[in-house]
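This is what each chain is made of:
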Amino acid sequence: MAYSDKVIDHYSNPRNVGTLDKSKKSVGTGLVGAPECGDVMRLQIEVDENQIITDAKFKTFGCGSAIASSSLATEWLKGKSVDEALAIDNMEIVEELALPPVKIHCSVLAEDAIKSAINDYRVKNGLEPLEMPKSHH
Amino acid sequence: MLKFPIYLDNNATTPMDPRVLEAMLPYFSDKFGNAASRNHAFGWNAEEAVDYAREQIASLINCNPKEIIFTSGATESDNLAIKGVFEMYASKGNHIITAVTEHKAVLDSCKHIEKLGGKVTYLKVNEEGLIDLKELEAAITPQTILISIMYGNNEVGVLQPIKEISALARKNGVLFMTDATQAVGKIPVDVEADGIDLMAFSGHKMYGPKGVGALYVRRKNPRVKVTAQMDGGGHERGMRSGTLNVPGIVGLGKACELCKNEMESDTQRILKLREKLETELLKLEESYLNGSKEHRLPHVSNISFKYVEGEGLMMGVKDLAVSSGSACTSASLEPSYVLKAMGMSDDLAHSSLRFGLSRFTTEEEINYAIDHVKEAVTKLREMSPLWEMFKEGVDLDSVEWAEH
Ligand SMILES: Cc1ncc(COP(=O)(O)O)c(C=O)c1O
Ligand code: FES
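Chains as they are written, first to last, in my numbering: chain P, 1 to 137; chain B, 1 to 404.
Derived by calculation from the structure, the hints in this document are not laboratory data.
Ideal Cβ positions, reconstructed from N, Cα and C, are used throughout, including at glycine.
Incorrect hints may appear among the rest.
Unchecked claim - Straight-line Cα separation of at most 25 Å, BS3-like style, residue types lysine-lysine; simulated pairs:
hint, chain 1, residue 1, chain 2, residue 2
1, P, Lys25, P, Lys78
2, B, Lys3, B, Lys391
3, B, Lys210, B, Lys171
4, P, Lys22, B, Lys374
5, P, Lys24, B, Lys276
6, P, Lys78, B, Lys171
7, B, Lys276, B, Lys374
8, P, Lys25, B, Lys379
9, B, Lys318, P, Lys6
Claimed, not checked - Going by beta-carbon spacing under 10 Å, a handful of chain P positions derived as facing chain B:
hint, residue
10, Val17
11, Lys59
12, Ala66
13, Ser81
14, Gly126
Unchecked claim - Covered stretches of chain B (in silico footprint by chain P; criterion: 3 or more residues with CB under 8 Å from a CB of chain P, positions within the stretch not fixed):
hint, region
15, 48-54
16, 345-358
With the hints as extra help, turn the sequences into a complete structure.
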């Protein structure tokens with residue numbers, strides 16, 4: 001399979017690999033996927049009092065497209081408001097990274113991870129969790 | 001000077017030895033005759049070349065040249081052996097025994113037999129990839145006509161106890177067929193000493209050309225016959241019709257001759273390189289050798305690197321041409337059925353790489369491969385949430401993974 005230059009770039013120089021302190025109230029953590037499916041993505045956001053995402057980190061066990069999708073997602077998340085982050089659609093990731101059809105689910109995983117991190121943040125801060133509309137596979 | 005990518009996928013196919021190519025070339029041009037033409041020198045020359053190749057092959061596997069049936073490769077040989085025995089021995093019985101880790105050419109031929117009303121037993125393997133001889137013996141019934149167990153596995157290289165299997169077959173009056181595609185030319189294979197009745201192998205796994213292979217069919221003690229699966233001019237003693245692929249056959253013959261002469265020195269060199277590769281890569285934490293360490297082909301090494309995903313790893317080792325036990329595309333999230341049959345968990349199977357060495361692999365290449373793989377695994381682990389959890393002592397089996 002040929003990877004796009006952008007996938008290769010994110011894979012070779014992943015942005016924002018790392019871990020935020022998940023015990024902090026301002027940090028939301030999303031862990032999606034499963035090892036036996038061959039992909040696990042963890043995405044974390046740190047949110048300030050104005051509901052702006054000030055930091056985002058990821059770690060991904062998965063193919064190059066999954067790594068690139070999550071790396072890209074963290075780039076996009078920084079500086080966005082939580083509501084703006086919620087609006088990120090996996091197809092935007094597909095477009096930006098030029099993912100082929102068989103790799104669409106890697107981007108879905110990234111969208112799921114974003115939503116799941118936001119939900120974790122919401123629950124920690126006494127808000128209702130949101131419905132997760134899309135699901136991987 | 002290293003050339004990239006470094007080819008370490010020699011169980012998929014080998015490069016052709018230049019000496020093989022040289023032997024083949026005249027048969028594409030000047031010596032183009034049909035080996036079945038009886039009336040002129042073109043035909044005689046071709047026939048002579050084919051007969052010589054038969055002798056080169058026979059000498060490698062210790063059989064009579066007449067026992068070699070030329071085919072288009074091991075896939076065809078497997079099909080011909082299994083379907084051909086099923087048809088030829090229909091009056092004796094309809095039961096075949098094989099194993100779950102066989103190549104698809106064997107497994108799918110067996111599936112075909114089942115559709116025709118035949119019965120097939122698929123033996124399980126243990127975590128080393130070996131079948132259980134007691135289970136094999138217990139599976140034999142008066143209806144059993146064939147046992148088909150591969151010599152060496154293409155994914156992990158495990159060698160089955162061929163002599164013991166053939167002894168059981170003999171004792172019970174059952175034919176024994178083996179897919180020896182990965183073994184012939186790499187280790188001593190002797191159809192007499194090993195008690196083999198039918199054997200499939202292929203040119204392109206032993207430095208010969210693609211598209212040519214052979215089926216060994218025993219002529220004495222017992223005399224074995226297979227029903228042709230291709231109708232036509234009755235070539236190859238009526239078992240495989242079709243004008244012979246003379247250049248291919250010449251190439252296969254030459255490849256066998258070279259393997260016979262150089263097997264010992266090749267093997268010693270390859271074993272040293274593999275030992276180095278394995279020792280170094282297994283120094284990485286949480287890396288595991290797959291399959292029997294002891295009963296194994298000399299030129300393959302299958303290693304799992306836990307907590308990194310196979311496809312991501314393949315991308316990380318882009319300077320190497322290797323293959324992975326994983327195929328993570330949402331359509332088929334299927335880890336290798338061979339590794340699964342050995343009881344390996346999906347995540348370990350997903351994290352495996354197969355390294356296949358050859359006569360042409362150099363120490364420089366292996367040194368590079370070691371560094372390259374170590375670097376990729378380390379980098380991917382730093383990126384892996386599973387590695388982090390493992391390092392923190394989280395039991396991954398106890399985690400409730402989000403449904404997706
Ligand atoms: C064990 C085994 N059997 C059969 C085959 C098929 O051989 P061929 O490509 O010659 O049809 C292969 C190669 O992929 C193999 O490794
Ligand atoms: S994570 Fe499964 S193919 Fe990308």
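Checked hints:
1. Under the criterion of a C-alpha separation no larger than 25 Å, the hint pairing P:Lys25 with P:Lys78 is consistent with the structure, at around 18 Å.
2. Of the pairs offered as hints, the one joining B:Lys3 and B:Lys391 is violated, with about 37 Å between alpha carbons and a cut-off of 25 Å exceeded.
3. Of the supplied pair hints, the one linking B:Lys210 and B:Lys171 is violated, its CA atoms being roughly 37 Å apart against a limit of 25 Å.
4. With a CA separation close to 30 Å, the supplied pair P:Lys22 and B:Lys374 exceeds the 25 Å bound.
5. For the hint pairing P:Lys24 with B:Lys276, the CA-to-CA distance comes to about 47 Å; that exceeds 25 Å, so the pair is violated.
6. In summary, the hint linking P:Lys78 to B:Lys171 is not supported, as the alpha carbons are separated by about 73 Å, beyond the 25 Å threshold.
7. Of the pairs offered as hints, the one joining B:Lys276 and B:Lys374 holds, with about 13 Å between alpha carbons and a cut-off of 25 Å not exceeded.
8. Taking the CA atoms of P:Lys25 and B:Lys379, the gap is near 30 Å; set against the 25 Å cutoff, the hint is violated.
9. Between B:Lys318 and P:Lys6, the direct Cα distance comes to roughly 16 Å. Compliance with the 25 Å bound is thereby established for this hinted pair.
10. Checking P:Val17 against chain B: minimum C-beta separation of about 5 Å stays under 10 Å; hint holds.
11. A least Cβ separation of about 4 Å between P:Lys59 and chain B falls short of the 10 Å threshold, and the interface hint therefore holds.
12. Residue-level restraint check for P:Ala66 holds (minimum Cβ-Cβ distance to chain B is 7 Å; threshold 10 Å).
13. With its C-beta approaching chain B no nearer than about 24 Å, P:Ser81 sits outside the 10 Å limit, and its interface hint is violated.
14. Annotation: interface hint on P:Gly126 violated; nearest CB of chain B at approximately 22 Å, more than 10 Å.
15. Only residues whose C-beta sits within less than 8 Å of a C-beta in chain P count toward coverage, and the region 48-54 of chain B has 0 of them, not enough to reach three; the restraint is violated.
16. Counting residues of the region 345-358 of chain B whose CB lies closer than 8 Å to any CB of chain P gives 4, which reaches the minimum of 3, so the coverage claim holds.
Hint compliance for this structure: hints 2, 3, 4, 5, 6, 8, 13, 14, 15 are broken, all remaining hints hold.
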